[in-house]
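Enquirer: Using the sequences and the hints given, assemble the complete structure.
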Amino acid sequence: DTGVSQNPRHKITKRGQNVTFRCDPISEHNRLYWYRQTLGQGPEFLTYFQNEAQLEKSRLLSDRFSAERPKGSFSTLEIQRTEQGDSAMYLCASSTTSGSYEQFFGPGTRLTVL
Amino acid sequence: LAKTTQPISMDSYEGQEVNITCSHNNIATNDYITWYQQFPSQGPRFIIQGYKTKVTNEVASLFIPADRKSSTLSLPRVSLSDTAVYYCLVGDPLFGSNDYKLSFGAGTTVTVRA
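Keeping their order, the protein sequence lines are chains A and B. Residue numbers for the first sequence follow this note's numbering, so the first one is 1 and each next one is one higher. Residue numbers for the second sequence follow this note's numbering, so the first one is 1001 and each next one is one higher.
Since the hints were derived computationally from the structure, they do not count as laboratory data. For every residue, glycine included, the Cβ atom is placed at its ideal position computed from N, Cα and C. Check the hints yourself; a few may be wrong.
[To be verified] To give an idea of the chain A side of the interface with chain B (calculated C-beta under 7 Å), a few residues:
1. Phe-45
2. Asp-86
3. Ala-88
4. Leu-91
5. Tyr-101
6. Glu-102
7. Phe-105
[As the list claims (entries may be wrong)] Anything over 12 Å on all C-beta distances counts as not near chain A; from chain B, calculated:
8. Asp-1011
9. Asn-1026
10. Glu-1058
11. Asp-1067
12. Val-1078
Expert: Next comes the structure, spelled out in structure tokens:
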């Protein structure tokens, strides 16, 4: 399968714990995006990488959130000191073409904070 | 301020044509109109994109009038498997690049019944 993959698919954690999600984009895609989706809403943009450079972060990405993309390949999204409001689906997408609206999404990681 | 407005939900029956109209009164001159589809527990999937007049692919058609203040996604002869949320998006540039973040609204939930 050559699509975008995300791990884990589900994560249940207790409030205050740290969690880390991984995204593996389509191999030739140098652009990578993270989105968050809550129930009944469309996905919301969190951050964007072009190769290893993080070029934009949404104001939704508080200082408890950090994303990395070492070597411009896979990416990780870490949430420190999780809160119940962090419960959501975290989606990763990748693309290859500059100026394109077509992004390829992974299946997402569903986070539940108890 | 929402960039697009579309109906919250639509019901249809198998074999019928479904038309979803999206309003984007403040669309910029160089913005494209893009539609995504999302099934439950999956990431969104790109369906179609257009700038003006009509675009057709194997999945759908997109009609854009001359003033470009609205667009209509047409799904021909829907089946049960077309039950999904459909999102209409216009351009939301990422700072310092030629790329775009996808700004989803709540979308239109299309339910196809037998």
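Enquirer: Would you assess whether Glu-1058/B, listed as outside the interface, keeps its beta-carbon beyond 12 Å of every beta-carbon in chain A?
Expert: holds (15 Å)
Enquirer: Restraint: Asp-86/A near chain B, CB-CB cut 7 Å. Satisfied or not?
Expert: Violated, because the Cβ-Cβ distance from Asp-86/A to chain B comes to roughly 19 Å (cut-off 7 Å).
Enquirer: Next item in the hint list is Leu-91/A. Is there a CB on chain B closer than 7 Å to its CB?
Expert: Given a least distance of 5 Å, the restraint on Leu-91/A holds.
Enquirer: When the nearest CB of chain B is found for Glu-102/A, is that gap smaller than 7 Å?
Expert: holds (5 Å)
Enquirer: Less than 7 Å between beta-carbons is the criterion; does Phe-45/A satisfy it with respect to chain B?
Expert: Holds, because the Cβ-Cβ distance from Phe-45/A to chain B comes to roughly 4 Å (cut-off 7 Å).
Enquirer: Asp-1011/B clear of chain A by more than 12 Å, beta carbon to beta carbon?
Expert: holds (18 Å)
Enquirer: The hint names Phe-105/A as touching chain B; please verify it with the least Cβ-Cβ distance against 7 Å.
Expert: holds (3 Å)
Enquirer: Is it the case that Val-1078/B keeps its Cβ farther than 12 Å from each residue Cβ in chain A?
Expert: holds (21 Å)
Enquirer: Is Asn-1026/B truly not at the interface, in the sense that its beta carbon sits beyond 12 Å from all beta carbons of chain A?
Expert: Correct as stated: the minimum Cβ-Cβ distance to chain A is 17 Å, above 12 Å.
Enquirer: With a cut-off of 7 Å on the beta carbons, see whether Ala-88/A makes it to chain B.
Expert: Hint on Ala-88/A: violated, closest Cβ of chain B at ~13 Å, above 7 Å.
Enquirer: Is the interface hint satisfied for Tyr-101/A? The criterion is a beta-carbon contact with chain B at less than 7 Å.
Expert: For Tyr-101/A, the interface hint holds, since the closest Cβ of chain B sits about 4 Å away, which is under 7 Å.
Enquirer: Checking a non-interface call: every C-beta of chain A should be farther than 12 Å from the C-beta of Asp-1067/B. Is that right?
Expert: holds (21 Å)
The structure is inconsistent with the numbered hints 2, 3, although it conforms to all the rest.
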